[in-house]
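A.B. asks: This is what each chain is made of:
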Amino acid sequence: MTLATLKRSDAVPPNETIVRVLRDDLTLDPENDPKLGNDEVLHLYRHMVMTRQLDERLVALQRQGRIGFHVGSLGEEGAILGSAYAMRKGDFLFPCYREFGAALMRGLELQVFVHNMFGNAKDTVLGRQMPDHYTCRRVGWGSISSPVGTQITQAVGFAWGAKIQKKDVATLAYFGDGATSSSDFHSGMNFAGVFKLPTVFFCRNNGWAISVPVERQTASRTFAEKAAAYGIPGVRVDGNDLFAVVATVQKAVERGVRGEGPTLIEAITYRMGGHSTSDDPNRYRGSEMLEPWASRDPIGRVRAYLEKHDLWDGTAEERLIAEVDASFKAAVKVAEHTPPPPLESMFEDVYARPPWHLQEQRQEVLSGPRAPNPHGS
Amino acid sequence: MTLATLKRSDAVPPNETIVRVLRDDLTLDPENDPKLGNDEVLHLYRHMVMTRQLDERLVALQRQGRIGFHVGSLGEEGAILGSAYAMRKGDFLFPCYREFGAALMRGLELQVFVHNMFGNAKDTVLGRQMPDHYTCRRVGWGSISSPVGTQITQAVGFAWGAKIQKKDVATLAYFGDGATSSSDFHSGMNFAGVFKLPTVFFCRNNGWAISVPVERQTASRTFAEKAAAYGIPGVRVDGNDLFAVVATVQKAVERGVRGEGPTLIEAITYRMGGHSTSDDPNRYRGSEMLEPWASRDPIGRVRAYLEKHDLWDGTAEERLIAEVDASFKAAVKVAEHTPPPPLESMFEDVYARPPWHLQEQRQEVLSGPRAPNPHGS
Amino acid sequence: MPQMNMVQAINDGLRTAMRDDSRVVILGEDVGRVGGVFRVTAGLFDEFGDDRVIDTPLSENGIVGSAVGMALYGLVPIVEIQFADFIWPAYDQIVNELSKYRYRSGGEYPAKVVIRAPVGGGIRGGHYHSQHPEAAFIHVPGLKVVCPSSAYDAKGLLLASIADPDPVIFFEPKRVYRAAKGDVPSGPYTVALGSAAIVRSGRHVTVLAYGAMLYEALDAAAKASLQGVEAEVIDLRTLWPVDIQTILESVKRTGRLVVVHEAPRTCGFGAELVSLVVERAFYHLEAPPVRVTGFDTPFPYTLEMEYLPLSHRILPALLEAVKH
Amino acid sequence: MPQMNMVQAINDGLRTAMRDDSRVVILGEDVGRVGGVFRVTAGLFDEFGDDRVIDTPLSENGIVGSAVGMALYGLVPIVEIQFADFIWPAYDQIVNELSKYRYRSGGEYPAKVVIRAPVGGGIRGGHYHSQHPEAAFIHVPGLKVVCPSSAYDAKGLLLASIADPDPVIFFEPKRVYRAAKGDVPSGPYTVALGSAAIVRSGRHVTVLAYGAMLYEALDAAAKASLQGVEAEVIDLRTLWPVDIQTILESVKRTGRLVVVHEAPRTCGFGAELVSLVVERAFYHLEAPPVRVTGFDTPFPYTLEMEYLPLSHRILPALLEAVKH
Ligand SMILES: Cc1ncc(C[n+]2csc(CCOP(=O)(O)OP(=O)(O)O)c2C)c(N)n1
Ligand SMILES: Cc1ncc(C[n+]2csc(CCOP(=O)(O)OP(=O)(O)O)c2C)c(N)n1
Ligand SMILES: [Mg+2]
Ligand SMILES: [Mg+2]
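Chain order of the listed sequences is A, B, C and D.
Sequential numbering from 0 applies to the first sequence in numbering that gives the first Met the number 0.
Sequential numbering from 0 applies to the second sequence in numbering that gives the first Met the number 0.
Sequential numbering from 0 applies to the third sequence in numbering that gives the first Met the number 0.
Sequential numbering from 0 applies to the fourth sequence in numbering that gives the first Met the number 0.
Keep in mind the hints are simulated off the structure, nothing from the lab.
Do not rely on the hints blindly, as some may be mistaken.
To be verified - Straight-line distance between alpha carbons at most 30 Å, and here's what the computed DSSO-like set of lysine-lysine pairs gives:
1) 121/A to 307/A
2) 322/C to 180/D
3) 88/B to 166/B
4) 34/A to 332/A
5) 121/B to 34/B
6) 251/C to 251/D
7) 180/D to 251/C
8) 121/B to 250/B
9) 165/B to 88/B
Owing to the predicted nature of the structure, the values given are computational and were not obtained by experimental measurement.
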């Protein structure tokens, strides 16, 4: 087998068995139409645009050396925002690392997010984790971790905990195509199947796990059919079709809430950028690979729909972008003027109360010399 | 969900989609007939009987406190011996822990096996592992380990190694229904699928993982359909039908050797005894559960077939049992008169050559006092 | 007061906690109807139902990952790993997730899980039913690690572990599961985490031990006493955070240290104990500290009694220590 | 002689081994066309093809399990774990399988695998791109553990690790991947496993360090020298089996010991080094040994330079040691 013969990720997959709602003629297929009100579509559209705008600006900040890292969602905004929108208030989402746009839409304040990108004293996680590893329990948002897949079993356990306590809480686990190879995918799907837990397994199939294409990830024709191994339904949805994503996730939540168990959703989309600011995709894929996907941009499709219905135009777009720009700049300014987390914060939250050895180590740092160049490498 | 509503393991599964060859009227279904010669059937039958006889005797030895442990194969002899028989000389089998009968048939000497059961100085693994954890590379048999599932990825890697070296070697991984929940099952199946490796995944679905019934193991209707998640074929076979097992594994090997990749085989059988000598199955299952399976005993079915063809009778059976009895008794006698492994063997084979710290520790033991009661707990 | 062995005491502790707090649930392999392969959860399935005493699929990774999720929700899951040897598939969830959750979320998501696992050798378990892997957990910031040696402590430490806000790895010395018997009060009581117990006083040498090896240390101390050497034997009970005060106070009196554990010597917990003592009581030490431990080999089956740091190996260390 | 940095030297070592022995194969995530996220395998895919430089699915468990199987067959697989932080899903295969294979099979199935993983902090990686987990491997009988600090040693130790009959965990200090530059001979050569290097001689205090922290130790030693304290700095290179002779010989001369490592202090490798020295050179020690290490917290992002045991924390330890 050579990589040259591996072609699955190069092409937009064929239509069959994929849930699609927004047709090329910009009408909605009534079969799966989630019946969103205009205000809802506008709300989602605004957040998709905001997400993309922020992505660009965060990458720029990283290039300027003002933040250390960013992992963006270029091209995947439809899958990310549509799925988050379909989850109810009170439900919990367990993020991978590429879904900040969804957190903001759920209610994470931009300023809080930006503090996290700078890892400063106002970052709710106190600069302990890399950028994009924020948290927000208040809006039903989990804590982000880098190890691929670990959130999947946790999303299952969270739903299970609620079920044992007879509470109506569904969970959604975000993960990529690469994560389907992880142990946690296998265990999480299996446990959720056996115990019929209301978890939505939301696989963003964006074609790549860093440089590894989906053909190298699995020999199964689709990711959705992996559901069969666990006795649960698997659905493929056009991840670049906002309406289809909302509808599909809504149905999965309803199913879970009815006690019928979990659903695996494969949202077919494409990672239009590098894996993260650390990655140069030109090393392993030609830009011609992006072409078939560019014409199916999730944002462009909704904008065309909105414009067709006279709900949006160039002026509105400009105004939105200016708004995002202003609020982001303001947030960055505040964040850059916020000091780094205090030294002693390094020793807090390891345990509920620092035991003797951490008290000693804290003292050691506080009374010892400072690192000469503490915030550069 | 209560255990009372979980019934799948109580009943012999229905006929549909299960490979069967030996019909109730003792004719062979030509569709899947492996066309075994009479001598081959006799050979396999003898080994099935021998396996069962040894199982009984080993359990008795354990009850008498003469060996520490045994994990038997009562009721699973058809699946175990049929599958091993279908593998070619030069192929490698990666055992779970319940397949000693297959190792003996492949050429492991009874005496070597019995030395292992006693963990003495002549045990090829020098009493380092529990009973039933022997090894025999010479006959294409792996090294047995207790952690469930770990042999699965290794069987895949072994076949992969051979393939890279362009050698015609297939592998078979034995594992139970419980092991399908392990991380190694998931990774092993996935890797073998992606790299099209000639591995036969042989799942002995014997209904139980210690006290946990298959319904608690997975929500998928069958274990075979888990193959779909990895883009490989999955087959269900009547594990108590020797002929069907041989035929199914042979086809899987042929497929692998042709370069078409792995196959998952679910052999439906039943664990007629406890999990091991440490287990009392009466705590969690009623003896009535055994009834439907007793009438489909894999040995009884082959014996009926042989008797119908005048290839076997009570005298032959008695002679065989007497032979097994004599050779086993002789082997036990030798093993019981063999001393325990020498002290210094504890420090060998940790590394190819003992580094300084192990040389020191060996010296410490050799020159220090002996444990007062070294071979009792 | 009822007499119980350690299995019964832990069982009683689990029952007490579950009656007291509906957030407490148990999950693991074979913990349900059959009550665990060592019968530690016997009867709990019948009393609390399979919503709270949960037989899971065979996946330690899935068990601990799910338990972390339950804990994030607000339950207090108690995981049983059938043998500590089988905890490794869950190690990623323990090291990268459970232990770091409170920290990495700035306190928003504390994850309170108790992981119980039988440990240790001497039951003819070979490589895979004998490991005593505390070092790999003590090294991980965010975890607490406990290992009782008596029935009384087992129940009290278990209830303290369940009540404690941090994740606790609770290792049960299976060699003395039935042999360690004693008075165990019914109803709730705790033995504080982080407090060691001086189980034999002596002035010549301090012996640190825990779990099943405590009894070996005591046996050796009794024999040493016949030869005029009085060993002070300390049962650590909580391995981390260890009771540094009790240890230092004793070593400063005796001037000599012997550490006993079953795990392989190299990078075992003994190394940490020795280091803590030499860093803090260097000028009180009159002899080099001694580690009496399992060897740096996989745990052997037939020769297990030669592998374990039993009394016959501890005694010479005690006698030797006082020679200096 | 060509000048190389550590990434280039390891790359050159891999190429040398693969040209020399067709049994050597590489597997891991992104090791193929893209040449690894740190470019350590750059160009190897083109030279040796994807039969021998294999991009795998995202499963460390699958990678190591498969590598063990390949090794049982007779290949010499070199696994790349993208960051050491992600090795834990493979820990069961490493602890229960790889390390025990030769032993448990009575020598019939030696399993020769080299596992390479970038380790350590200082590259703004936070919890999950900074861990330095050597202790969890040194504690496991059957493994050898290596951590080079220079480009020359990296290639030589890698080739020695590949040639060695035992499984080797090869940790690469990514903070100095590009900074550690020097002359590196082309073609094959080895740096023997188990031999440390005295990289700076001194008579007042012995400093044990490895990987990226070696440079911090050297920096601190240079500064101490200005204050009249001459530190002997030993680069351990092979962490286990450690070069006990070189260490003891040095400490017996200096009478003082400082150990430096990035990993959390408790139950870290420093504890083992301190214990080995006090057990064997007790009467030569004139001061308590000191550990300068990472703290017992998860690895922090913003404050990483305060977390790491850099020169500014090593220097006071050196000066303090000689006060006694
Ligand atoms: C267990 C583990 N192994 C490796 C990595 C390094 N890594 C980070 S992201 C990534 C690829 C993930 O791909 P996918 O799951 O498809 O998600 P995507 O980034 O495409 O959204 C890898 C290999 C990791 N974070 N965790
Ligand atoms: C990783 C791991 N977890 C738990 C165990 C304890 N254990 C030994 S066998 C077994 C059940 C295995 O069931 P199955 O895979 O169906 O095989 P069977 O015994 O039925 O042949 C369990 C839980 C183990 N050996 N390894
Ligand atoms: Mg992806
Ligand atoms: Mg079974």
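A.B. asks: Please go over all the hints and tell whether each is borne out by the structure.
C.D. replies: Structure-based check of each hint:
no. : hint           : in the structure
1   : 121/A to 307/A : violated (43 Å)
2   : 322/C to 180/D : violated (52 Å)
3   : 88/B to 166/B  : holds (13 Å)
4   : 34/A to 332/A  : violated (40 Å)
5   : 121/B to 34/B  : violated (40 Å)
6   : 251/C to 251/D : holds (25 Å)
7   : 180/D to 251/C : violated (49 Å)
8   : 121/B to 250/B : violated (38 Å)
9   : 165/B to 88/B  : holds (17 Å)
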